[in-house]
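2 protein chains.
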Amino acid sequence: MSTSTTVNGVALERHGATIDAVTNDPGLGRFQFRARNHWIDGGHSRTTIQGFYGAGHEDATRADPFVVDTDEPPILLGENRAPNAGEYALQALAACLVGTIVYHAAARGIALQGLECTVHGDLDVQGFLGLDSDIRPGYQQIDVAIAVTGDLDDDQLAELASLTRYSPVRDTVTNPVAVAIEVTRA
Amino acid sequence: MSTSTTVNGVALERHGATIDAVTNDPGLGRFQFRARNHWIDGGHSRTTIQGFYGAGHEDATRADPFVVDTDEPPILLGENRAPNAGEYALQALAACLVGTIVYHAAARGIALQGLECTVHGDLDVQGFLGLDSDIRPGYQQIDVAIAVTGDLDDDQLAELASLTRYSPVRDTVTNPVAVAIEVTRA
Numbered sequence: 001m002s003t004s005t006t007v008n009g010v011a012l013e014r015h016g017a018t019i020d021a022v023t024n025d026p027g028l029g030r031f032q033f034r035a036r037n038h039w040i041d042g043g044h045s046r047t048t049i050q051g052f053y054g055a056g057h058e059d060a061t062r063a064d065p066f067v068v069d070t071d072e073p074p075i076l077l078g079e080n081r082a083p084n085a086g087e088y089a090l091q092a093l094a095a096c097l098v099g100t101i102v103y104h105a106a107a108r109g110i111a112l113q114g115l116e117c118t119v120h121g122d123l124d125v126q127g128f129l130g131l132d133s134d135i136r137p138g139y140q141q142i143d144v145a146i147a148v149t150g151d152l153d154d155d156q157l158a159e160l161a162s163l164t165r166y167s168p169v170r171d172t173v174t175n176p177v178a179v180a181i182e183v184t185r186a
Numbered sequence: 001m002s003t004s005t006t007v008n009g010v011a012l013e014r015h016g017a018t019i020d021a022v023t024n025d026p027g028l029g030r031f032q033f034r035a036r037n038h039w040i041d042g043g044h045s046r047t048t049i050q051g052f053y054g055a056g057h058e059d060a061t062r063a064d065p066f067v068v069d070t071d072e073p074p075i076l077l078g079e080n081r082a083p084n085a086g087e088y089a090l091q092a093l094a095a096c097l098v099g100t101i102v103y104h105a106a107a108r109g110i111a112l113q114g115l116e117c118t119v120h121g122d123l124d125v126q127g128f129l130g131l132d133s134d135i136r137p138g139y140q141q142i143d144v145a146i147a148v149t150g151d152l153d154d155d156q157l158a159e160l161a162s163l164t165r166y167s168p169v170r171d172t173v174t175n176p177v178a179v180a181i182e183v184t185r186a
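Taken in order, these protein sequences are the chains called U and F.
When you line the first sequence up against my numbering, it's residues 1 to 186, in that order.
When you line the second sequence up against my numbering, it's residues 1 to 186, in that order.
Please keep in mind that the hints were generated in silico from the structure rather than gathered at the bench.
Every residue, glycine too, gets a C-beta built ideally from N, C-alpha and C.
Just to be clear, a hint being listed does not mean it is correct.
Okay, the calculated beta carbon distance ranges per label pair [said to hold, decoys possible]:
#1 U/G130 - F/T61: 22 to 30 Å
#2 F/R108 - U/Q140: 37 to 45 Å
#3 F/R108 - U/A11: 49 to 57 Å
#4 U/Q140 - F/I19: 17 to 25 Å
#5 F/D64 - U/Q140: 27 to 35 Å
#6 F/D64 - U/E58: 20 to 28 Å
#7 F/G130 - U/A111: 15 to 23 Å
#8 U/T23 - F/R165: 35 to 43 Å
#9 U/A11 - F/D132: 17 to 25 Å
#10 U/D64 - F/G109: 34 to 42 Å
#11 F/G130 - U/D64: 31 to 39 Å
#12 F/R62 - U/E58: 34 to 42 Å
#13 U/T6 - F/I19: 51 to 59 Å
#14 F/H57 - U/A11: 45 to 53 Å
Going by beta-carbon spacing under 7 Å, a handful of chain U positions derived as facing chain F [as the list claims (entries may be wrong)]:
#15 H57
#16 D59
#17 R81
#18 A178
For reference, chain U alone in the conformation it holds in the complex:
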């Protein structure tokens, strides 16, 4: 008998099949994501995102690359052509938290009607400008407010909050990640 159950837009049989596949062959869990940024002028740059490695092979499902522009607002000497990099970091965190809750809730049979995630990140540009070596360049604090719509009891609400521990971007921002940087002539 073939069944097809979807919760929160997540196809549960496919989700279960993925878990079974990775459980049976843990090497399938290894993924490599990629982004390539090309400087245009001033604070304006353009990133292309297309291929990645995962589940044992190079993905070939994206016929065209995604194109994502970055710029700065005028006060940071840009022209507001696009969000800045710090805002994209917050967008990555927000989208990851939402996706993580949606997928894990689906696997637990928790149906959601709506999910909104607002992220605020505080930093001090004295760090970026190198004016005070005691001030870090990055975010000093990030505050996330997630508002859930659905028929949920208090235990389920607490469970949704707990599921955010599985978020890759939350972990990447919260805990140290080794970043190796090589600069060469083109």
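Based on these hints, arrange chain F on the given structure of chain U.
For chain F alone, coordinates are given in the frame of chain U:
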């Protein structure tokens, strides 16, 4: 005498004026960036980015919000409508490294002709799926290759590499950031 000098597309007088203003009144350095994500279905969500606080006031230069979609590829149960959150995190890092080098190089009078930044991030979805508590959900390692075009000597190339220490997103990814998450009913 009014002068207008632009290096790497960065207006140096405005850059210098920013540094002077923040040096004279360090409170102007405080910024808060924001992103708001709205879940659509499955792995598909939409983020709006518009206002931010900085230099002592709410910014009002963006008449319309930027809209940034996120999705997953089919192997992660999405439909490739947009990059995924992990890829946006890499894009944020790449764009931030490029912008940081461009601005700080300009302030030092180092003219660049081109800059390409490729970022690879390795993770294991066993962490996301909760299959192995010893495997972190986030990136285990991020490798960045920056290729510079321009008339640069070896010392200048080394200096460009060193300037990446000022990158807000590099710092955010490399070092721990406190992320406070509150989940409530809408």
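Hints broken by the structure, by number, lowest first?
The structure conflicts with hints 2, 6, 15, 17, although it agrees with all the remaining ones.
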